[in-house]
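> Sequence:
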Amino acid sequence: MTESGDWVGLFSGGKDSSWALYRALEAGLNVTRLLTVHPGEDSESYMYHVPATHLASLAAESVGIDLVEVTPEDLGATDATDSGEQGDAELEPLEAALRDLSSDLNLAGVTAGAIESEFQTNRIQAMCDRLDIDLFAPLWRENPRELGEAMLDAGFEITIVQVAAHGLDESWLGRTLDREALDELVELQERYGVHPLGEGGEFETFVTDAPHMSRPIELEYETVWEGTRGRIDVTDARLGERAGAGKNENEDEA
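Quick note: the sequence shown uses the numbering used here, first residue 151, plus one each step.
Keep in mind that the hints are not guaranteed to be accurate.
As the list claims (entries may be wrong) - Simulated restraints, written as ranges between beta carbons of each label pair:
no., residue 1, residue 2, range
1, Glu334, Ala177, 30 to 36 Å
2, Phe269, Arg249, 20 to 26 Å
3, Glu292, Ser154, 24 to 30 Å
4, Glu376, Gly343, 17 to 23 Å
5, Ser253, Glu391, 37 to 43 Å
6, Asp282, Gly377, 46 to 52 Å
Keep in mind the hints are simulated off the structure, nothing from the lab. Note that beta-carbon positions come from the ideal geometry of N, C-alpha and C, so glycine has one too.
With these hints in hand, go ahead and build the complete structure from the sequences.
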């Protein structure tokens with residue numbers, strides 16, 4: 151893996167892609183772009199984080215790295231008959247966006263936040279091979295409990311924005327993923343098979359603050375519960391100020 155050249159962070163604003171970006175910056179990789187795919191709030195995606203991706207632009211502003219966005223229109227419709235075909239089809243606009251970026255950048259590689267999903271990682275690795283670039287995946291095959299603790303130790307502030315699994319009720323919506331929550335998720339893994347970091351889609355997150363962010367993100371939201379699953383519906387989001395810092399009259403909003 152080369153540290154020279156330009157790196158692109160595959161980025162949703164969730165904890166996994168944010169941790170991959172943070173670790174890349176720690177490793178000295180020159181991340182000059184973030185790239186967010188917006189599958190659409192009501193879509194079922196095999197490749198991408200779905201909820202609250204519209205907040206990625208605010209997170210990118212706080213990180214201070216330019217964001218490239220792939221919209222639902224760019225994804226287009228697919229007549230895939232199985233998950234493999236859909237995954238391949240979903241990857242095409244991402245690869246096209248990276249090819250476009252390579253005309254302006256000395257593209258060295260991409261960062262990705264996959265932990266255990268071979269479905270996603272194999273496809274991203276194959277894409278990197280086609281583009282002749284590297285893949286930086288620092289979460290891959292790491293112990294989930296230790297990984298969660300590392301995020302918290304580093305100062306990540308993580309909000310749960312969607313749940314869809316046995317044992318995760320409405321009270322988890324908007325909850326901070328802290329050590330107490332992590333302990334409970336480990337217990338739910340033993341009881342229901344819930345992945346402690348939500349790798350199977352059991353829950354989704356958004357990072358509101360971290361060491362590589364210049365300003366925290368403040369959220370206002372309502373909860374939407376649909377019997378066995380739910381999400382938060384963000385009504386307002388803005389960049390806040392660090393404790394002790396002055397506050398601007400006009401804060402940036404998503």
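> Could you run down the list of hints and mark each one as holding or not?
A quick look at each hint next to the structure:
no.: 1; hint: Glu334 <-> Ala177: 30 to 36 Å; in the structure: holds, 32 Å
no.: 2; hint: Phe269 <-> Arg249: 20 to 26 Å; in the structure: holds, 23 Å
no.: 3; hint: Glu292 <-> Ser154: 24 to 30 Å; in the structure: holds, 26 Å
no.: 4; hint: Glu376 <-> Gly343: 17 to 23 Å; in the structure: holds, 21 Å
no.: 5; hint: Ser253 <-> Glu391: 37 to 43 Å; in the structure: holds, 38 Å
no.: 6; hint: Asp282 <-> Gly377: 46 to 52 Å; in the structure: holds, 48 Å
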